[in-house]
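Participant: Listed here are the chains, written in short residue letters.
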Amino acid sequence: MIPSAFEYHRPADVKSAVGILQAQGDEARVLAGGHSLIPMMKLRMAAVTHLVDLQDIAELKAVSIAEGKVTIGAMVTQHMLIDNARLAASVPLLREAALQIADPQVRYCGTIGGNIANGDPANDMPGLMQCLDATLGLAGPNGTRNVKARDFYEGAYVTACEDDELVVSVTFDVPKGGHAYEKQKRKIGDYATAACAALIEMDGGTCRSASIAMTNLSDTPIWSRSAGAALTGTRCDTEDIASAVTAALANINPTEDNRGPVAFKMHVAGIVIKRAITRAIASA
Amino acid sequence: MSKMHLKLTVNGQAEELRVEPRELLIHVLREKLNITGPHIGCETSHCGACTVEMNGKSVKSCTVFAAQADGAEVTTIEGLSPLGEMNVLQNAFREHHGLQCGFCTPGMITRAHRLLQENPTPTAEEVRFGMAGNLCRCTGYQNIVKAILAAASEMNAAKEAAE
Chain A
1 MIPSAFEYHR PADVKSAVGI LQAQGDEARV LAGGHSLIPM MKLRMAAVTH
51 LVDLQDIAEL KAVSIAEGKV TIGAMVTQHM LIDNARLAAS VPLLREAALQ
101 IADPQVRYCG TIGGNIANGD PANDMPGLMQ CLDATLGLAG PNGTRNVKAR
151 DFYEGAYVTA CEDDELVVSV TFDVPKGGHA YEKQKRKIGD YATAACAALI
201 EMDGGTCRSA SIAMTNLSDT PIWSRSAGAA LTGTRCDTED IASAVTAALA
251 NINPTEDNRG PVAFKMHVAG IVIKRAITRA IASA
Chain B
285 MSKMHLKLTV NGQAEELRVE PRELLIHVLR EKLNITGPHI GCETSHCGAC
335 TVEMNGKSVK SCTVFAAQAD GAEVTTIEGL SPLGEMNVLQ NAFREHHGLQ
385 CGFCTPGMIT RAHRLLQENP TPTAEEVRFG MAGNLCRCTG YQNIVKAILA
435 AASEMNAAKE AAE
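Protein chains in written order, with our numbering: chain A, 1 to 284; chain B, 285 to 447.
Just chain A, same shape as in the assembly (with noise of 0.2 angstroms):
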């Protein structure tokens, strides 16, 4: 369970790191967190032969709650996501799901920007994402441009980051109404089966917005905008709910692997989301 050599770079800032990626080019990989790049690196299944560790990158760290926006640095760990009284209060969604991926250990070093980089459909952030309607920052070459998370996922492990451009951060506004972060997993540190973030919003007993997003049950994470229009304006009753789910369920395609066949992962594809939405109308 020994990688393949490569050389070991630090760099200190996001441009020298940029730099690094530039001259290496689809040779060199980004390190985060290292929890899911190590693996496929013991495992041989990822080739790296620069690796470039982001540990030292003091402006990656930084999270801001200013004016109803939240900016995440790339290099925020879920650990720090967990214990930021700040953020709990301001997205109380990131931290309920920050608590659901993999063990403490894992939660240590992994990152928000690894998580959502890294493409793996598997991965809870690239959904939650998907819900928050986040902005993701690029750093390249010729600076940094932004993405929205809707557009950044081609298909697994495919994403609309370069080989000479890393994730710094994510921008989301403060996210109004209930949440809720559901996720069916065989055991502590497994990956979903299914999982759905819900976040709803309502204004006298009636759904004014409602963004509804899945992990794990595409080759894509997937936000479904029908099942979002499902709910809007209407009172979120039990048929108005069926339909939010109907319409979810419609926009997936989950593949038979070791958490089960298709028809299982539907069936709790749709448990986990009627859950999702019965709890963030609840908590709206």
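Derived from the structure by calculation, the hints contain no laboratory data.
Beta carbons: idealized from backbone N, C-alpha and C, even for Gly.
One should not assume that every hint holds.
[Stated by the list, open to error] Cβ-Cβ distance ranges computed for the label pairs, FRET-style: (1) B:T320 to A:A47: 48 to 54 angstroms; (2) A:A89 to B:K287: 45 to 51 angstroms; (3) A:E154 to B:Q426: 44 to 50 angstroms; (4) B:H289 to A:A282: 32 to 38 angstroms; (5) A:A47 to B:T405: 56 to 62 angstroms; (6) A:Y157 to B:N318: 38 to 44 angstroms; (7) A:T171 to B:R378: 50 to 56 angstroms; (8) A:T171 to B:H289: 38 to 44 angstroms; (9) B:A408 to A:K185: 20 to 26 angstroms.
[Unchecked claim] No more than 30 angstroms apart at the CA atoms, straight line, and that leaves these computed lysine-lysine pairs for DSS-like: (10) A:K15 to B:K341; (11) A:K69 to A:K15; (12) A:K42 to B:K291; (13) B:K443 to A:K42; (14) B:K443 to A:K187; (15) A:K42 to B:K430; (16) B:K443 to A:K61; (17) B:K341 to B:K316; (18) A:K61 to B:K341; (19) B:K443 to A:K185; (20) A:K42 to B:K287; (21) B:K443 to B:K341; (22) A:K187 to B:K287; (23) A:K15 to B:K291; (24) B:K341 to A:K185.
[Said to hold, decoys possible] If you want the ones that stay clear, here's a sample from chain B, every Cβ over 10 angstroms from chain A, calculated: (25) L301; (26) G321; (27) G325; (28) K341; (29) T347; (30) A351; (31) S365; (32) L367; (33) F387; (34) R395; (35) G414; (36) N440.
Dock chain B against the given chain A, drawing on the hints supplied.
Facilitator: Here is chain B on its own, set in the frame of chain A:
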């Protein structure tokens, strides 16, 4: 690929050695520094037997490159009882039968140590959640939870007595 000069502090002692960046922290600890308390169980970041503290965080040292630990403060089970005497957690594990074969125990105790630093008065449920990254195939966890709760009470009683 070139070797690198690695500097880190392990159990309070400054260490300097040459390693390949691809070497894992657990291998450097066990094979180069002869610190064999942290064990290699699964080597896939599931079991937690290799848990050590790095810069005040519990980490699975099978999933950390030695290069990442350059400049770090690392504490292993050996560093938790530097005088060779059993500490409160170790005694509690013995008293409450928190181990059978003992293979997972160094990782368990190292993790429990950090858990109690962060939450000195955990509930049984919080102990289970906080210890979820460490697997034990013998005990069924019941006595591990009891041992950690007992150690927490003892540490808190000692703290109160000192005040």
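Participant: All hints are to be evaluated individually against the structure, with a verdict given for each.
Facilitator: Verification of the supplied hints:
1. Taking the beta carbon of each, T320 of chain B and A47 of chain A are about 32 angstroms apart, not inside 48 to 54 angstroms as hinted.
2. Between A89 of chain A and K287 of chain B the Cβ separation comes to about 48 angstroms, which falls inside the hinted range of 45 to 51 angstroms.
3. With their beta carbons about 47 angstroms apart, E154 of chain A and Q426 of chain B fall inside the hinted range of 44 to 50 angstroms.
4. For the pair H289 of chain B and A282 of chain A, the beta carbons lie near 57 angstroms from each other, so the given range of 32 to 38 angstroms is not met.
5. The supplied range of 56 to 62 angstroms is broken by A47 of chain A and T405 of chain B, whose beta-carbon atoms lie about 48 angstroms from each other.
6. Remark: the range hint 38 to 44 angstroms for Y157 of chain A to N318 of chain B is upheld by a beta-carbon distance near 40 angstroms.
7. Between T171 of chain A and R378 of chain B the beta carbons are some 51 angstroms apart, a value that agrees with the proposed interval 50 to 56 angstroms.
8. Separated by about 39 angstroms at the C-beta atoms, T171 of chain A and H289 of chain B satisfy the suggested range of 38 to 44 angstroms.
9. Under the hint 20 to 26 angstroms, the C-beta atoms of A408 of chain B and K185 of chain A, about 22 angstroms apart, fit the expected range.
10. For a cut-off of 30 angstroms, the pair hint linking K15 of chain A to K341 of chain B stands: about 28 angstroms separates their Cα positions.
11. Between the alpha carbons of K69 of chain A and K15 of chain A the distance comes to roughly 25 angstroms, so the proposed pair stays at or under 30 angstroms and holds.
12. For a cut-off of 30 angstroms, the pair hint linking K42 of chain A to K291 of chain B stands: about 23 angstroms separates their Cα positions.
13. Our distance criterion of 30 angstroms between C-alpha atoms is broken by K443 of chain B and K42 of chain A, whose separation comes to about 44 angstroms.
14. Restraint check for K443 of chain B and K187 of chain A: not satisfied, since their Cα atoms lie roughly 36 angstroms apart, outside the 30 angstroms limit.
15. A C-alpha spacing of about 36 angstroms is found between K42 of chain A and K430 of chain B, which places the hinted pair above 30 angstroms, so the restraint is violated.
16. Simply put, K443 of chain B and K61 of chain A have alpha-carbon atoms about 34 angstroms apart, too far for the 30 angstroms limit, and the pair is violated.
17. Distance hint between K341 of chain B and K316 of chain B is fulfilled; the C-alpha atoms sit about 22 angstroms from each other, no more than 30 angstroms.
18. Taking the CA atoms of K61 of chain A and K341 of chain B, the gap is near 16 angstroms; set against the 30 angstroms cutoff, the hint holds.
19. For the proposed pair K443 of chain B and K185 of chain A, the alpha carbon gap of about 40 angstroms is over 30 angstroms, so the pair is violated.
20. Simply put, K42 of chain A and K287 of chain B have alpha-carbon atoms about 18 angstroms apart, close enough for the 30 angstroms limit, and the pair holds.
21. Between K443 of chain B and K341 of chain B the alpha-carbon distance is near 23 angstroms, which keeps this suggested pair within the 30 angstroms criterion.
22. Taking the CA atoms of K187 of chain A and K287 of chain B, the gap is about 39 angstroms. The hint is violated against a cut of 30 angstroms.
23. For the hint linking K15 of chain A to K291 of chain B, the alpha-carbon distance of about 26 angstroms falls within 30 angstroms, and the restraint holds.
24. A threshold of 30 angstroms between alpha carbons decides the hint, and for K341 of chain B with K185 of chain A the separation of about 25 angstroms falls inside it, so the pair holds.
25. Listed as outside the interface, L301 of chain B is consistent with that label: its C-beta sits roughly 15 angstroms from the nearest C-beta of chain A, beyond the 10 angstroms cut-off.
26. No beta-carbon of chain A is positioned within 10 angstroms of the beta-carbon of G321 of chain B; the least distance is around 16 angstroms.
27. Every beta carbon of chain A lies more than 10 angstroms from that of G325 of chain B, the smallest distance being close to 12 angstroms; the non-interface claim holds.
28. Distance to chain A contradicts K341 of chain B as a non-interface residue, since its nearest Cβ pair spans about 4 angstroms, not more than 10 angstroms.
29. With 10 angstroms as the threshold on Cβ separation, the claim that T347 of chain B sits away from chain A is violated: the shortest Cβ distance comes to roughly 5 angstroms.
30. A beta-carbon of chain A comes within 10 angstroms of the beta-carbon of A351 of chain B; the shortest separation is about 4 angstroms.
31. The claim that S365 of chain B is not at the interface with chain A holds, since no C-beta of that chain comes within 10 angstroms of its own (minimum 21 angstroms).
32. For L367 of chain B, the condition that its CB be more than 10 angstroms from all CB atoms of chain A holds, with the nearest at approximately 27 angstroms.
33. With a least CB separation of 17 angstroms from chain A, F387 of chain B remains clear of the 10 angstroms interface cut-off, as annotated.
34. Remark: the non-interface label on R395 of chain B conflicts with the geometry, its nearest Cβ contact in chain A lying 7 angstroms away (cut-off 10 angstroms).
35. Residue placement check: G414 of chain B does not keep its beta carbon more than 10 angstroms from all beta carbons of chain A (closest about 6 angstroms).
36. The non-interface label for N440 of chain B is consistent with chain A: the shortest C-beta to C-beta separation is roughly 21 angstroms, beyond 10 angstroms.
Of the numbered hints given earlier, the model fails hints 1, 4, 5, 13, 14, 15, 16, 19, 22, 28, 29, 30, 34, 35; all others are met.
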